[in-house]
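Q: On the provided structure of chain A, position chains B, C and D as indicated by the hints.
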Amino acid sequence: MSASIATSQTILVVGGGIAGMTAALEAAECGRQVILAEKQPMLGGRTALLYRYFPKMCHPVCGLEINLRRLRGNPNVRVMTMTEVTAVSGRRGDYTVTLKTRPRYVNENCTACGDCGNAVSTTIPNPANYGLDKIKAAYLPHGMAYPQRYVIDPSIVGTAEGEQAKAACKAGAIDLGMQEETVTLKAGSIVWATGWRPYDAAKIQPYGYGRIANVVTSVEFERMADPHGPTGGKLLRPSDGQEAKNIAFIQCAGSRDENHLRHCSRICCMASLKQTQYVREACGEDGRSTIYYIDIRAIDRFEDFYQSVQNDPTVRFIKSKVARIALDEQSGNPILHGVDTEGAHRYANAHDLVVLAVGMVPEVTGVALPEDILLDSSNFIEGSQSGGMFGAGSAASPLDVNRSVQSATAASLRAIQVIHQTASTEAV
Amino acid sequence: MTTANQTARAKYENDFLKEVEANVEEGHWVRMCMQCGVCAGSCPLGDAWAHPPQKLFMMIRAGKREEVLSSDAMWMCTSCYNCIVRCPRKLPITHIVHGLANYAHRLGLAPKGQPTRQTAALFWNNLVKKGRVNELKFSLALYFKDGFGQGIKNALGMQAVGLGLVKAKRLNPMEILGGHGIENLSGFKAMIDKAREIEDRKKGLAG
Amino acid sequence: MASKEYAFYPGCSSQSKASASNYLTSVNTMCGKLDIKLTEIPDWNCCGASIGYAEGGELPRLALSARNFALTERHLPGKEMVATCAACWLAQREVKERLDHSETLLKETNEALAAAGLQYQGTAPVRHMVEVLIEDLGYDTLKQPVVKPLEGIKFAGYVGCQTNRPFGIAGESFENPLYLDKLVETVGGEAVPYDQKVACCGGALAFSEPEKSQKQIRAIIESAYDHGAEMIVTPCPLCQANVEIYQSEINKKQGTRFNMPVLYYSQLMAVAYGSSAREAGLDGQLIKAARLEEIAGK
Amino acid sequence: MADSKFAAYICTGCGIGDTLDVPMLEKIAQKEGKMALVKSHPFLCSTDGVKLIEDDIANEGVTHLCIAACSRRAKVEAFRFPAAAVSRANLREGVIWVVAEGAEHDAVRQEMAEDYVRMGCAEIKKMKVPAGNVKEASSKKILVVGGGLSGMTAALAAAEAGYAVTLVEKSGALGGFANNLWKRVPFAAPYADAQPVGAAELAAKVSGHAKIKVHLNAVVAETSGAPGRFAVKIAQESGGMTDDVCGAIIQATGFTPYDPARLPELGGGQPNVVDQAGLEALAKAADGGPIKRADGKEVKSVVFVQCAGQRDASGQHLPYCSGHCCATSIKQATYFKDRDAGINAVVMYQDLRVPGMGEDFYRSAQDKGVTFVKGRAARVTDGGGACKVDFKDLILDEDTSIEADLVVLATGQVPNAGVNLDEWTATVTAAESGDEAAKTRKDELLKTSVLSLNYRQGPDMPQFKYGFADSHFICFPYETRRTGIYAAGPVRRPMDILQATEDATGAALKAIQAVENAARGRAAHPRVGDLSYPVARLEGCTQCKRCTVECPFGAIDEDEKRFPKFNEERCRRCGTCMGACPVRVISFENYSVDTVGSQIKAVNIPDEFEEKPRILILACENDAYPALDMAGIQRLSYSAFVRAIPVRCLGSVNTIWITDALNSGYDGVMLMGCKKGDDYQCHFVKGSEMAFYRTSKIDDTLKQLGLEPERVLSLEVAITDNARVAKLINDYAEQINEIGLSPMKGFG
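Residue numbers (the numbering used here), protein chains in the order written: chain A, 1 to 428; chain B, 429 to 635; chain C, 636 to 933; chain D, 934 to 1681.
It should be emphasised that the hints constitute simulated quantities derived from the structure, not laboratory data. Glycine included, C-beta positions come from ideal geometry on N, C-alpha and C. Errors might be hidden in some of the hints.
In silico lysine-lysine, DSBU-like type, Cα no more than 30 Å apart, as pairs [claimed, not checked]:
#	chain 1	residue 1	chain 2	residue 2
1	B	Lys-439	D	Lys-1225
2	C	Lys-731	B	Lys-617
3	D	Lys-967	D	Lys-1678
4	A	Lys-56	D	Lys-1398
5	C	Lys-714	B	Lys-557
6	B	Lys-492	C	Lys-847
7	A	Lys-166	D	Lys-972
8	B	Lys-558	B	Lys-630
9	B	Lys-581	C	Lys-850
10	B	Lys-446	D	Lys-1325
11	B	Lys-492	B	Lys-518
12	B	Lys-565	C	Lys-887
13	D	Lys-1166	D	Lys-1678
14	C	Lys-742	B	Lys-439
15	C	Lys-888	B	Lys-581
16	B	Lys-557	C	Lys-731
17	D	Lys-1061	D	Lys-1619
18	C	Lys-789	B	Lys-565
19	C	Lys-652	B	Lys-573
20	A	Lys-170	A	Lys-134
21	C	Lys-888	B	Lys-597
22	C	Lys-742	B	Lys-518
23	C	Lys-714	B	Lys-617
24	C	Lys-789	B	Lys-558
25	D	Lys-1321	B	Lys-439
26	D	Lys-960	A	Lys-170
27	B	Lys-597	C	Lys-789
Derived CB-CB ranges, DEER-like [to be verified]:
#	chain 1	residue 1	chain 2	residue 2	range
28	D	Ser-1629	A	Asn-259	53 to 61 Å
29	D	Lys-1144	A	Lys-203	33 to 41 Å
30	C	Ala-925	A	Ile-124	45 to 53 Å
31	C	Pro-780	A	Asp-328	39 to 47 Å
This is chain A alone, in the form it adopts within the complex (with noise of 0.2 Å):
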């Protein structure tokens, strides 16, 4: 990191997950200099809480791990986590920022040695899970986590706890005294990459969620599914932990639904599609997968893998919107009832666990955002009325991790090209 002092030459890249990190590294990687502003104490945003990718199945931490090193190499970028944009002033070429860094209570000289973990026994919520298992309230955030640096939770700051984390530190790395900061910052350009976030599934009330313990979201299955998740990598039930193995997939939960999301989320019906591999791989041929679908949207290549999981016997496609979930209180199992309208085939189906391919909404939806910016009716950003702030990624439009990363790169240079046009106008 450096402390160079941003200017009108600086472009300011809110959102450090896979989007703002590609927009962030390739701006630093053509000369020019970046701040890169995150919410969370980590960068790596959703596709770090991600299993495997598809459709090759690989892990997301593997193109974390290069991102990390790029960005450890590259003196352009300075990385502020746990900071929010609060205020957007000025014009193309000339903003002034706000940005407001919530306390870490943990410094530089952290050394992520986990000291202070071991002195402290209150839990929380684990936000790298979904909250659906606890951590220590100094905690790391993420096996990957960068910056490499513990984070002691506001709730035992100012508590005995907290004393005692601090007493357990020899490397003088926490700071309970720590203050919420404001700066304000000159850019030339702001990329917007500040991603997506599940749709609510507890507003779809005839699934359920929160009601009937064995429905989850995909963003929790993924969870779920991974070694490093609440469960050890095994697939078992909220309601009695025993292990699932009739899994259904219900797809357009909350998008392609004027109820709820206008749109469509794109990624959710080649997720299910990866997640019935994640039965597969948890439970062999024992394993049963059906998902619940109205258009399997497997576009461009991606349609090899939907034909590879049609070819796979524990796998059935049931073309049906559920119409609702029940609960068998005897056994706990979600029942799922609708009709399968290839044919019109009234099901009743059990299962022991039913996952909401849950929707993308725009992270900033309620957020409030500079006037300038333009929105399209599902709160994704289009560009600005100015032309100096650009969307990137699925803050832009809900898109993979592939096209993220195209529409990050897009954004990197239209960015690049504010800054030069204002350096050329200035050098006039």
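A: Leaving out everything else, chains B, C and D in the frame of chain A:
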């Protein structure tokens, strides 16, 4: 004499979708269906439907006019509105289904003797007579819709219930002599007639 | 002067000696205790209910409800219309929605209304009595008059369809609305969770498809029993009548031994507010609510 | 090395000092490691600790330093000393966090730490700070091949960022396929109506841009050189030839629609059956008026058959989905509906694929009265008057048919990617062995080349799948296998105009990066910024050509004397050439046969009576080494008998390391690389695969040495395999225990 049915068929040249859009209440929504089937699965009487709503919509697009209009599927609607609140395209499915039933009924294509069809007609005729429903007359009419003998049987079958209601002051045997009604009945009837006239003109049902 | 005044649309079933006359009785008692004044809309007519479509079609049906609005606008200007019947409320709301969003239908409807010397302007909103209670008064206010809390009685709140879908009560969910449970708790009773809360009783087909309708009813009552309920409470006269009246039929045909009282929320409130069994319309029950009568008699 | 001064710094923080005998480590660094300066510090990564090192560099003339502390992946920023060569001895994640707790393990833990200090010192002895190779005359101009929407967008994007562009277009006009379109699908809210294409406006901008030079009616006749210095011959159709020098290349050569004539069962080739391009032509001809068929009849009904010759599992047609066709058919259906709502327009689909806001466009078309039928077309018959489409209605579950004036087949995109290098290599190999037909074929192939690269590996970009010149990586869509050359638009992947616009802009950025990197002598992704580059001692070279053949990026040519000629700017610094070289003449300044070999030799091998085996791990630095690290972070314990060395890529592993290790008494060698095969994870393409192949050949050597084949174990390890890697190590240690210690001890 050409029937309304023949006129409609001639007018829409076998384009049943267009006919539905023009003549069926909320029929213009049919085109927006994306065949997800959530309506079909949401219906409490779903298994009684020969063709669930989403399939009816597809049949309309496929031009299966007689099959749709003579079906008793849409007479299975209990007006629970589950389909409406779950439809991802916000189709007012309950109303479309009601509209289809009404259209089939008015064209004379709905199944003869379909009990809901009969009940509905009795109910409407009952309410327009006085402006308010006469529950006793409605019940009696229902019992006797299949003839006198069956009517006595029906009425006897429900005798205990009827007596219970009378005892509980929730059924008035004296209603047979008149019962509740509105004051401005002539205005009311003129209004209903006018509404019917406009609708029939619009939907080609005047014949 | 009453604290709240409304234009009252009782509906056909809530007339004297009609199937929901006990509903009317209890509503009047409850409103008296809560200082709510209901002025009946002069010369109101039937809403057409959910079965009116087949013979009535679209425009005549719209005209029915539009006439009720027009009468309210003319005779009780500035007043909100309040319905106690779910079907009446729904019909009025639907028609209002349709007329307020379609110039064509508005024009045609007014053309029909003109034949009765009336006009729909769209100034009067329609509310369900439950909305009046929880939105205009609030649970705290509703709790104040309670003198005989219904302690120890377990109720299955049966919301059913038409106060719930497609509009529902603001802030409530379609699958698990809670207002009825909260009303039960407000008067000191216990609301049991059960899975048939918003199921359809098949009321619209009660006459024409009795087997199908009674299958629905049986499921509702069984679930209420299974979850420990002693009584069912509902905001809808069609649900009340259907679920109560056909229990004996089902018992007869299917050998069940159902004997579950089905009450209106207003009856619970009347009793809790210290009214007599008669004032609460408990004499109108086919299946007697003995424990409520007991409380009312104390 | 006269000016070199070596120093070792041992951190005692994070429990290192509590667990290990640090004075002993210091002594080893001094005595065995031959470090001129050895210091320990309780908190080396602190400002104070870093200052200690900086001061020694400034005041003591330290040029090479070994930091014995945490993993090389930790505290990277703190321990960045650009002027010095740095090695890292991993005492924290690699020793104290993974060796089981307890006094009974004290001895082996200490031995492990001592070995890592020895290794770090040995490595730094062989390292140099890469000098870099800044090139004064490097070209920053960008060559764009293809003047369609993607090419024009890329050209304009680069030019607007200040870079000069040469654009070569085969035809006589800019615009490409977009010129054939009547309208395009909408890109912005409200996503309701087809929009003007805008190709002409874009073409005017490109033609008029001061930074862009457009060559029409021209092709690339030859490309030689490397990023920063591509020499390009541009051949005009007229016969003229222009020479140009460019720094990077964007290939935006687009696609060709799949030929509908190959779909006779769907009426392909019949007059009233057209493909989507054919419909665009009819719409353009109609110019806003009624769309007419070839026979002049006004179209009153039209059926769009989706997935025609696509998503084909039979192997006859395209297996993939072209992605854009659903939205395109929707758009085309609105051509009819917008003009005359009475026209019957039916889209027959199996899965309607309109992701994102395409859903709005779908709804809008439904609202306009386009009918959507989920059905599978079986046969289209053109009866002259009307076409009949026989299909299975998947909703109504019946075989039925529909009639229409016109049928539109939504066929797919076939990439214009040039020569398939697999075919090329096979053809060249055959031709070189004298096959005459192959020689002819080679010439034919060359004529179809887009870039005409004179690379040893062939004239065009490698194709990934189905002929698309795509990257293999999800996280890195522009990770090209030809450094400085990027594919953009439908030649990379099937895509619509919106995505092609994004793609072209992204590719332009990568091209800009490529020219900047080349000018500074820096590596491109993934070892971005690496200033080291391979150097060969040609006097030792036997001209075996393994390096040239095995370089995954085509970076090495052969010079006139058949020696390898390294094109540093094409090189990605993976070291595959170094691993391939049987005579070990290839090295990087900071990574060589010696830097690793000396570490292997530095390990203290106990004699066989001590019963302490030594197992060498050569771990890919991108996946396996982080997995080992994370095992440490999670405090998973594994055998203290292993000694792990990170390598740039398993492809860089020279078998001499393995044989040397076994010769000197190691009991086993574990190679840990990434996944190989079709879904390979290696960012250097085949590193892992080659290592597996090369080690499979070691068996003979092992036999000669009298060693069991189990003494060398090649493994695929994913970055998430922290628990698994610990288990693999322990299992292997157990296996070695069963086989027994190496008989080679004491001979090394």
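Q: Against which earlier hints does the structure fall short, listed by number upward?
A: 13, 18, 24 and 29
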